[in-house]
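Going line by line, the protein sequences match chains A and B. In terms of our numbering, the numbers along the first sequence are unbroken and rise by one, the last being 881. In terms of our numbering, the numbers along the second sequence are unbroken and rise by one, the last being 345.
I should point out that these hints are in silico values taken from the structure, not numbers from a laboratory. Honestly, I wouldn't trust all of these hints.
What the hints assert, rightly or not - Think about it this way: if two alpha-carbon atoms lie no more than 16 Å apart in a straight line, the pair counts; the simulated EDC-like pairs of lysine to aspartate or glutamate are:
| id | chain 1 | residue 1 | chain 2 | residue 2 |
| --- | --- | --- | --- | --- |
| 1 | B | 341 | A | 816 |
| 2 | B | 144 | B | 250 |
| 3 | B | 74 | A | 615 |
| 4 | A | 677 | A | 694 |
| 5 | A | 671 | B | 79 |
| 6 | B | 144 | A | 634 |
Unchecked claim - Ranges of calculated distance between the beta carbons of each label pair, as one might list FRET restraints:
| id | chain 1 | residue 1 | chain 2 | residue 2 | range |
| --- | --- | --- | --- | --- | --- |
| 7 | A | 614 | B | 91 | 44 to 50 Å |
| 8 | B | 334 | A | 760 | 51 to 57 Å |
| 9 | A | 657 | B | 330 | 30 to 36 Å |
| 10 | A | 559 | B | 334 | 34 to 40 Å |
| 11 | B | 244 | A | 674 | 50 to 56 Å |
| 12 | B | 335 | A | 724 | 57 to 63 Å |
| 13 | B | 342 | A | 654 | 35 to 41 Å |
| 14 | B | 262 | A | 561 | 26 to 32 Å |
Where is the CB? At the ideal position from N, CA and C, for every residue including glycine.
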Amino acid sequence: MASIELSGLTKHYGEVVALQDVDLTVADGEIFGFLGPNGAGKSTTINMLLDFVRPTSGTATVLGMDAQADSQTVRQRVGVLPDGYHVYDRLTGRQHVQFAIDSKNADDDPEEILERVGIIEAADRKAGGYSKGMKQRLVLGMALVGEPDLLILDEPTTGLDPRGARDIREIIREEVARGATVFFSSHILEQVQAVCDRVGILREGELVAVDTIAGLRNAMTTDALLMVTLDRPFEDEVSLLETIAGVTSVTADGAALSVQCANGAKTGVIDIVEELGYAVQDFKTQEASLEELFIAYTDGERPGTKSAADADEETDAEEESATATSEIADEAEVDR
Amino acid sequence: MSVTAVAKKDFQDAVRSRSLWALSVVFVGLAMLTTFMYIEFPELLGGEEELSGVGLGLFLAGIASLFIGLTAIVIAYKALAGERELGSMKLLLALPHTRADVVFGKVLGRTATLAIPIVLGFGAAGLYGYVMISEFSFVDYLIFLGLTVVFALAFVSIVVGISGSTGSTSRASALAVGFFLLFELIWDGVTFGLVYVTNGFALPETMPNWIYVVNQIPPSSAYTTAMMALIPDAIVMGDSAAQEIDAFYATEWLGVVMLVFWIVVPLAIGYRRFKNADL
């Protein structure tokens, strides 16, 4: 069953189109990232899932129920970290969580929740004095009350330092392991990349892409930069390498080669270099980051849609390079 | 219960506010001072009757109704519009509350909040009166106290209704103050104008009977009149206008009807608008 199903969802504010004809299905148990710049319609979509805002046309179904007609039941089973919220300044953290527990008729222990989101030491302080990050943790804690089937998190990492963002990712993974579905919006691509199964990209109220992270990366036409260190200076003509399918340009500087090429062409380049009699001592790739991908999708020109045939031909090479690059990515992670 | 969860949260929030306690101190002081004047200087106040608990209640009501009305505006005009403006409404409605729960929870929470200074102030005044006045009926005084809380409920309902009808606190405060001006401060002028116009731009010798109905419209008048309906002793002491008119509507119960009207109608309008609003 689908946790979220949007069908032709549209919202106009007078002349302004906030969301146009969005169709989207989020399956049970997946972590779905909703990407887009500010004003793309992410919060509008979430607001319609929660019946804060009513669609101009189209429908939103959450956990099999109509988001508008059955809103209360929907919200009973959903945990929400809304965007642009404000905490009750005079209530303590504990009172906030207790309020969520009372509201959901749940039997959670406020201490446990506050412990989990890492603000137990501030439990009895008024939330008005919390830092932005602590407020974010508090509201996330409120969202966790009652073991929701679906977590809707609108920009959950706003105001958090990298450690806070990592804590949130950890909680997201725990929740999914428990059986929950997570739908979160963000404009910070690393966060999405780090945790999501699939992403949807929203641009000016329209859903321009829905895919897995890897799938999206493959769909990119942006080249990767491959940097190879050889055992001796490269003495052959660089044009030899430039004839390889997918390679855009090659520059040689002594034993260092930089090759601008499509993701799928990388292993081919290394093979040829080795065939030419050089030993590859080291290689690095600078992959097209999700950031670039995001810009490609959301800024003016959309990337040319690659034909399915092209994608098929590249599949073998892609897989190898994907393994190589993911190793590199892992190293990079450690460096950070 | 969802309504009680909202009301409890709202009340907890308000009880922590220092201004509420400052208000309570002021109100206790005001009630004690009023009681002192009632007991010590009855002749200054035009009182000819014996001092009594009912008389004290009527006298307190006259002074307290303005204070209660203004306080209701201060504590309730932001109830819905303010949460919408700030964004805490999203926190509230992310939880499984209906918009009706939110509206009625707010009314209950804010009324309970306003009831604190009322019960403290009139409670203290009542004790003072009980000691000083020989003819003091506890039952009548409790009815008076209860009715005052109902009056607070009416005013809070009006202001929460206004607050629900708009997403902007400045609009809500302007509307609430406008309401107070029209119905509590210049209503006498309005009724005068009505009589003048309907009589062909001249003043009649005697006021028409229907003006009794118009006079019951302001919440504070409805409150005083309702007191006469509930406490028969107050009819004479309060000089009920209904006694001088012979018409089916000339009854003190009209005050009760008007109070119910003020509790129900503005809130129903505000709720409808809030229910249909995009937050």
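How the hints compare with the structure:
1. 341(B) with 816(A): 66 Å, violated
2. 144(B) with 250(B): Given pair residue 144(B), residue 250(B) is violated - Cα atoms ~21 Å apart, limit 16 Å.
3. 74(B) with 615(A): 25 Å, violated
4. 677(A) with 694(A): Roughly 27 Å separates the two Cα atoms, so the pair is violated.
5. 671(A) with 79(B): 10 Å, holds
6. 144(B) with 634(A): OK: residue 144(B) and residue 634(A) at ~14 Å, within 16 Å.
7. 614(A) with 91(B): 44 to 50 Å: At 49 Å between Cβs, range holds.
8. 334(B) with 760(A): 51 to 57 Å: 53 Å, holds
9. 657(A) with 330(B): 30 to 36 Å: 43 Å, violated
10. 559(A) with 334(B): 34 to 40 Å: Check failed, 28 Å falls outside 34 to 40 Å.
11. 244(B) with 674(A): 50 to 56 Å: 36 Å, violated
12. 335(B) with 724(A): 57 to 63 Å: Violated - the Cβ-Cβ distance for residue 335(B) and residue 724(A), about 44 Å, lies outside 57 to 63 Å.
13. 342(B) with 654(A): 35 to 41 Å: Between residue 342(B) and residue 654(A), where Cβ atoms are some 38 Å apart, the hint holds.
14. 262(B) with 561(A): 26 to 32 Å: 50 Å, violated
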